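S.K.: The primary structure of each chain is shown beneath.
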Amino acid sequence: AQSVTQLGSHVSVSEGALVLLRCNYSSSVPPYLFWYVQYPNQGLQLLLKYTSAATLVKGINGFEAEFKKSETSFHLTKPSAHMSDAAEYFCAVSDGDSSASKIIFGSGTRLSIRP
Amino acid sequence: EPEVTQTPSHQVTQMGQEVILRCVPISNHLYFYWYRQILGQKVEFLVSFYNNEISEKSEIFDDQFSVERPDGSNFTLKIRSTKLEDSAMYFCASSGLAGPTDTQYFGPGTRLTVL
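Protein chains in written order, with the working numbering: chain A, 25 to 139; chain B, 31 to 145.
Worth flagging that the hints you see were computed from the coordinates, not collected in a lab.
Among these hints, one or two may not hold up.
[Claimed, not checked] Computed from the model, here is a short list of chain B residues facing chain A with C-beta under 10 Å: (1) 73; (2) 88; (3) 123; (4) 132; (5) 134; (6) 138.
None of the values given here were measured: they were computed from a predicted structure.
Each residue gets a CB set at the ideal place from its N, CA and C atoms; glycine is no exception.
Starting from the given sequences, assemble the full structure and let the hints guide the process.
M.R.: Laid out in structure tokens, this is it:
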């Protein structure tokens, strides 16, 4: 069964610093991976998704993620943090065995930005 | 830009009461989902729905839960007799295609509080 593990429930970085949010996956089939962001009191917004077309995936708001099969990782990065990036970030994997392909979420990482 | 909408944004109910959470998916989408997020926990899949029937449901989705697409636009989640542990944020999602690579678009959520 597919699953994702997010390392670190809370990450704090200074404004302008590199953002690195870690995600490792476990999948019995080639995984389809996602990063979603949840701003306070809002729903889930797709940041980016990996569908095997390219290992480096660029998303919205300057975020990108690299799929590394050898490390079973899909870490999310942004070169320079902005105050508006403060949110909860969820790594997720599609359940490829399901015809309707439910999404399985990680436990989330709360990103705080220090001025 | 098309979006998934949900009403109400916040629902407070007494234990044992029935609640109906409403969603309007993106208009040309065919696959519909409900997820929930108990405070402080990960987002969990409840049910997927296609062609007027349930495609898959989780173990959480017991006989107290039901889904319906009563007309061409709404998608509802009914909880027949609410329990305290049903208190959570409920997210509706929709996608246009089947398959693990398709993007699910999430609504802003309904916060259900059971007293």
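S.K.: Please name the hints from earlier in the document that this structure breaks, with their numbers sorted from lowest to highest.
M.R.: Failing hints: none at all.
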